[in-house]
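Trainee: Below, each chain spelled out in residue letters.
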Amino acid sequence: MDLKTAKAKKTILFVDDEPDQVLLIQTRLEANGYAVLTAADGETGLQLAIERQPDLVIVDLLIPRLDGLEICRRLKRDPTTARIPVALFTASATRDLDELCKTVGFSAYLRKPYDAAELLAIIQKLLTAP
Amino acid sequence: MTPPPRPPSGGAAPSPPIRVLLIEDDPGDADLVKIVLAESANPKFQVTWADRLKAGLDALARNSTDVVLSDLGLPDSRGIETFLRVHAQAPAVPIVLMTGFDDETFALEAVRHGAQDYLVKGSVDGKLLSRVIRYAIERKRAEEELSRLASFPELNPNPILEVDLAGQVTYSNPATRTQFPDLPALAARHPLLADAPAIIGQLQQSHRLSSMRELTIGSRIYEQQFYYVQGDRVARTYVQDVTERKQVEQMKDDFVGTVSHELRTPLSITREGISQVLDGLLGPVSERQVQILQIARNQMDRLARIINALLDISKLEAGRVGLQRARVDLAALIRQATAGFEPRAAEKRLTLTVTIPPGPLEVYGDADKLVEVFTNLVGNAMKFTTRGGVEIAAAPAAAGWVECRVADTGLGIAAENLPKVFNRFQQFGRPDAAGGELGTGLGLAITKGLVELHHGTIRVESRLGQGTTFFFTLPAYSVEMVLAVHLKDAVQKAAMDHARLSVLLIRVPAGGPAPAAVMDAIQGALRDRAGRAGVLALPAPEGAVVLLAETDRAGAAKVAAQIEQAVVECAVSWRGATYPDEARTAEELLAIARAR
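As you go down the protein sequences, you meet chains A and Y in turn. If you use this note's numbering, the first sequence corresponds to residues 54 to 183, in order. If you use this note's numbering, the second sequence corresponds to residues 814 to 1409, in order.
Just so you know, these hints were derived from the structure itself, not from any lab. Positions of the beta carbon are idealized from the N, C-alpha and C atoms, including for glycine. Accuracy of the hints is not assured; some may be wrong.
[What the hints assert, rightly or not] Quick look at which bits of chain A chain Y covers, simulated, 3 or more residues with Cβ under 8 Å:
(1) 80 to 92
(2) 99 to 111
[Stated by the list, open to error] As a list, the in silico SDA-like pairs of lysine to any residue whose alpha-carbon atoms are at most 25 Å apart:
(3) A:155 to Y:953
(4) Y:1128 to Y:1078
(5) Y:1065 to A:143
(6) A:155 to Y:1092
(7) A:62 to Y:1092
(8) Y:1182 to A:162
(9) A:178 to Y:1059
(10) Y:1059 to Y:1308
(11) Y:953 to Y:1029
[As the list claims (entries may be wrong)] Just some of the chain A residues that point at chain Y, by a computed CB distance under 7 Å:
(12) 62
(13) 77
(14) 144
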């Protein structure tokens, strides 16, 4: 598969404070040919995004130090990271996620519990979008 | 306490005699009273005579007495003391005193202490005495009733206050004084009275019948309800300590929040872990392992559905689910909702039949929610059916409703379980092992909630081993039904808010402007109310109906006048009806507006 060749490897930054969740996402994404960066809090995640310029950032809504909304706002405000798509990963059922995408700047959202096929489809779509 | 009811004067049937206890030491005076009372035929008097206070008290203790006639000056008691002792012996019995010219002051004092009346000896005739006795009995009864009613606020464990328009307390019950001892000292600065004049002013103007506020005083939370009393120009306020209830509500909200958020993360991780092994990400898996892991993942999916259903039901119960109503093609909706079940029906060799009469079948409802209703019921029917099939039918029924039916030839429900079918977490019978989603135990409770949100009703019939049929009604789409549905919504809201609601029926004469033009003109007239919640104009067979929340008759008349001016093409007439003054149901309000 093309994606598995080192050159074409896309890098995804996943920010979540739940280590088990991080391990599983990392395993799933790496098995599908992505390079994965991880951070357990918002500040580290933001720093990593600026330094490493990943192709996609996935953030959990509720994480320590900077929450997912704030990470997205700052990435969109910074011209060096504004083009990176940011996806929201959340367990919330009560928030209007379509509205959040519009107002905060997320490119997509994924609700927990998720299906792996659904996760991969969203990622593929965001990475191939112009 | 209260003496037995006894009509003061008879009509056709003679009333039982009035039992008089006469306490009088002078035999001449006593005879006079006895003779005078014996002359009365209707009512009859039955006189018992005691010539000493002690004998009188003994008689009171022994016999039932309707009224006491007593001299104040007796050999064994004098003056006010005589009255007080008789009264203490039988506080519920009315007492009329007989006095000489010289001790009228004593008699007046006795009246202040609760005696019903007094007579000055020598000026007594039969008619007067009979009337005084009957009035004394009646007045005593009225007093007893009043003091019984007064005991309602007085003995109420919750604080009750009456406040005038300036915010001054005109009454407070004992519970107020024990729970808020600092009220008199703080007066208007006390939280209970803070902003009271403003709240009462708003009540006067907005035509709401009551308003409620929440107060935190010290460590307690109170709900304070204000009722404005028009005639008296005061507000009564009822205060209730709701600290415990609020704590329980908070716990419930927190719980739902925990369910929605905290349960999903571990669920998500567990499910993905199972999936990764199942998908072979971590190496080859045997057929047996696949089977077990699939069971585990199915149960994880079920848990996710239960969590979602719990959230749905708690939203429904809290009245936080709103409907996006529209004209819905029910036939298409049913076909769409059932199409998804066809592969499973084929797999289980079940028939899946949709029976809908030819011609349009439209309802007024929320398409997404109606799909959910059919999906729940058909899914349920499929699950409990192994032979035969499932039939989904809909047809027009009486009075502008559509009756829908989802019938299966499955397991059926035992008669004793039928009343519990719509309860939460009630599952009867095990679904067959062959595939299908695992139940949440909440589907039918949600289905019932959604049907009722559409103002429909749902019921179930079933015979064990033969099958189950759910029947439910939905409002058919028609001008009349759209009107009825919104009116029902508005009445429910007004009832919940303790607010008024006025309905205006605008009649457009035959040959008048087109309905659309009338609606435009009405919308124009309502423009200055635009954005106000609860103002809604709807087409009606007569022309239009305007719903005005929180509006009384006078307010509705003003709006009607504006509408009359706005429709320039012809002279429209209007009739109104106001909730709750004239009627309490949607149907009655509309009937009143139409009847006038």
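Trainee: All hints, please: hold or fail.
Mentor: Outcome of the hint check:
no.: 1; hint: 80 to 92; in the structure: holds (count 3)
no.: 2; hint: 99 to 111; in the structure: violated (count 0)
no.: 3; hint: A:155 to Y:953; in the structure: 75 Å, violated
no.: 4; hint: Y:1128 to Y:1078; in the structure: 21 Å, holds
no.: 5; hint: Y:1065 to A:143; in the structure: 22 Å, holds
no.: 6; hint: A:155 to Y:1092; in the structure: 35 Å, violated
no.: 7; hint: A:62 to Y:1092; in the structure: 22 Å, holds
no.: 8; hint: Y:1182 to A:162; in the structure: 23 Å, holds
no.: 9; hint: A:178 to Y:1059; in the structure: 47 Å, violated
no.: 10; hint: Y:1059 to Y:1308; in the structure: 23 Å, holds
no.: 11; hint: Y:953 to Y:1029; in the structure: 44 Å, violated
no.: 12; hint: 62; in the structure: 18 Å, violated
no.: 13; hint: 77; in the structure: 5 Å, holds
no.: 14; hint: 144; in the structure: 4 Å, holds
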